[in-house]
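**Q** Generate the whole structure from the sequences, applying the supplied hints.
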Amino acid sequence: MTTGQYLLGVAELGAIVAALGLGAFYIRALIVPAWTGALARLAEFVLGLSALVVVAELIGLLGLLKELPLVIACALVGLGAAAWARPKVDPSARGEFPAVRSSRAMLAIAIFASIVVVAHWAEPTQEALDTGMYYQDTTWYHMSFSGRFAQTGEVGPLHLTDPLKLTTWYYPQNSELLHAIPMVAFDTDFFSPLINLGWLAVALLAAFCIGRPYAVGAATLLGAAVVLDSEMLVGSQAGNAPNDIAGIFFLLCVIAFLVNGAATARAAPRIAGAADPPLAEDGGPGFDPDADEEHPQEGVVTDVPVAGDPRVLAGVGSGPLLLAGLAAGLGIGTKITLLAALGFLTIGIAYLGGREGWWRALCYWLGGILVTAGFWYGRNLFFALNPFPQIEKAGPINLPGPEQGGFYPRQPHSLSEYYNDPGVWKGYFFPPLKDGLGPLWPLIFAFAAAGLAFALWRGGSKLMRVLAATGVFAGIAYVFTPLTASGSLGQPTGFEANLRYVAPALIIGLTITPLIPALRRRPWPWVLIGVFALF
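Mapping the sequence shown onto this note's numbering, position 466 (from 1) lands on 493, and the numbers just tick up by one.
Rather than coming from a laboratory, the hints here were simulated on the basis of the structure.
Take these hints with a grain of salt, some might be off.
[What the hints assert, rightly or not] Label pairs and their in silico Cβ distance ranges: (1) W167 to G405: 21 to 27 Å; (2) F457 to W386: 46 to 52 Å; (3) P469 to E94: 36 to 42 Å; (4) T179 to R485: 53 to 59 Å; (5) G557 to F410: 49 to 55 Å; (6) A560 to P427: 46 to 52 Å; (7) P458 to Q163: 15 to 21 Å; (8) W167 to F409: 43 to 49 Å; (9) G31 to V145: 40 to 46 Å; (10) Y378 to L470: 39 to 45 Å; (11) L35 to A477: 51 to 57 Å; (12) Y435 to V145: 17 to 23 Å; (13) A38 to Y378: 32 to 38 Å; (14) P118 to P469: 50 to 56 Å.
Every residue, glycine too, gets a C-beta built ideally from N, C-alpha and C.
**A** Rendered as structure tokens:
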């Protein structure tokens with residue numbers, strides 16, 4: 028790659044980011060006008076990614092995933108969205124959400140923790156930049172899919188990697204498609220080792236935003252960092268192409284959008300910056316820890332929905348619901364193992380919508396999912412007559428899908444099959460758990476489980492109970508997922524490689540625990556920060 032080719036690639040990516048970013052800014056200002064700062068930037072990032080994925084899929088169906096068509100299509104979509112949304116944005120609807128802010132000490136801890144986690148990921152990323160990306164799944168199918176997209180300009184046909192595991196052909200491929208876009212611009216994959224480091228950075232941002240409306244962003248960020256900085260993820264994700272970190276980011280976005288949407292909708296009808304706002308521990312603006320559904324915090328947002336306003340749909344609002352749906356679709360369009368958690372959350376969204384609003388809530392939620400994940404499962408339906416070819420049976424019914432030969436070296440077995448086998452636990456499970464999560468791994472699991480149970484009991488809102496139930500279901504689904512203990516019967520050698528599948532359940536448990544009303548009161552946020560730092 029010459030200097031001229033490099034500069035041209037930078038210009039192409041810059042044009043794509045600028046156009047889609049402008050469109051995302053005005054769409055965000057239209058659907059969630061009260062959101063500002065980090066939360067607004069997170070929403071715009073998800074909107075921009077959603078547009079980029081959809082544009083790449085559509086032009087890729089036509090075999091036009093090439094430099095010029097990609098830049099032109101993104102420019103038209105981004106500038107068109109900005110031109111359509113800008114006149115509809117009401118400047119008076121802009122608010123300051125939240126009017127309350129984390130203390131300076133909390134912000135300092137969040138920044139320091141983020142630097143530590145990124146530094147841990149940076150070393151293997153630098154090694155990958157120096158020597159290449161050699162993790163098994165990277166070379167097996169992740170980068171193979173991306174390279175094929177970039178080489179052919181097509182996303183419709185299946186890429187038949189090998190006969191080892193035929194269902195690999197049918198994996199959702201949002202992350203591989205995003206890897207392909209810099210390949211198209213630069214005609215090389217040199218940018219790919221950096222992409223997971225980018226996912227890590229925005230995952231930390233999303234984790235902070237979860238606690239932002241309650242001034243406990245540092246606690247929620249450190250809760251997520253317990254998982255993000257574990258060897259379970261660093262060893263397979265940093266500098267490589269496996270997409271667990273991307274899926275975790277989108278899951279964190281779903282939680283952040285729902286939590287902040289609920290906090291916005293429940294704000295008291297008073298102008299932000301009201302007289303005598305509550306103070307944080309260091310004397311700066313803070314959040315009233317005693318606020319709840321009956322006695323909400325005053326002055327959180329200027330633009331407060333009223334009864335009947337569609338923004339309070341499901342107690343969250345239509346805008347946040349749509350954003351959460353887009354993020355959920357990006358997640359299950361990236362990582363099929365998120366289907367259990369986000370499928371269960373779909374039931375929770377209907378429950379939040381209530382008797383009269385459940386169908387409208389599902390329209391926004393499922394509509395967002397369909398936009399950002401529907402392509403891959405529709406493609407599976409076309410080629411395999413089954414959107415989920417990995418699922419061979421639904422009760423007594425045999426479902427269509429590829430007939431797998433006996434080539435795959437690790438037989439599919441679940442963790443549940445070894446619940447009463449201490450020999451397997453001692454020989455195959457305990458050592459990887461210690462290596463992947465550290466010597467305190469029993470405390471991490473116990474703390475996450477206790478947080479989910481406490482949130483179910485004293486979560487303070489329907490949304491908190493729904494999120495807690497989702498975390499519980501994700502944990503149960505992990506135990507029964509067929510590949511969690513893959514390998515010969517009695518020799519689950521695949522447990523270590525697939526331990527990362529437990530990350531969604533742990534992430535949910537550790538990030539919603541600081542939101543429990545009883546734990547938002549001092550000194551509990553600081554206690555949680557200390558516990559997470561110990562892990």
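**Q** Would you mind marking each hint as holding or not holding in the structure?
**A** Evaluated hints:
At about 24 Å, the CB distance of W167 to G405 agrees with the hint of 21 to 27 Å. The beta-carbon spacing between F457 and W386, approximately 47 Å, falls within the hinted interval of 46 to 52 Å. For the pair P469 and E94, the supplied restraint of 36 to 42 Å is violated, since their beta-carbon distance comes to about 52 Å. Remark: the range hint 53 to 59 Å for T179 to R485 is upheld by a beta-carbon distance near 54 Å.
Restraint check, G557 to F410: a C-beta distance of roughly 52 Å satisfies the suggested window 49 to 55 Å. Evaluation of the 46 to 52 Å hint for A560 and P427 yields a pass: the beta carbon distance comes to about 50 Å. Our hint of 15 to 21 Å for P458 and Q163 holds, since their Cβ atoms are close to 20 Å apart. Distance hint for W167 and F409: a CB-CB separation of about 24 Å, inconsistent with the stated range 43 to 49 Å.
Between G31 and V145 the CB atoms are about 32 Å apart, so this pair departs from the stated range of 40 to 46 Å. Distance hint check: the CB atoms of Y378 and L470 are about 32 Å apart, inconsistent with the given range 39 to 45 Å. Separated by about 54 Å at the C-beta atoms, L35 and A477 satisfy the suggested range of 51 to 57 Å. A hinted range of 17 to 23 Å is violated for the C-beta pair Y435 and V145, which are about 36 Å apart.
Taking 32 to 38 Å as the suggested C-beta distance range, the pair A38 and Y378 does not conform, at roughly 48 Å. A beta carbon spacing of about 53 Å between P118 and P469 agrees with the range 50 to 56 Å that was offered as a hint.
In summary, the structure is inconsistent with hints 3, 8, 9, 10, 12 and 13 from the numbered list given earlier, while agreeing with the others.
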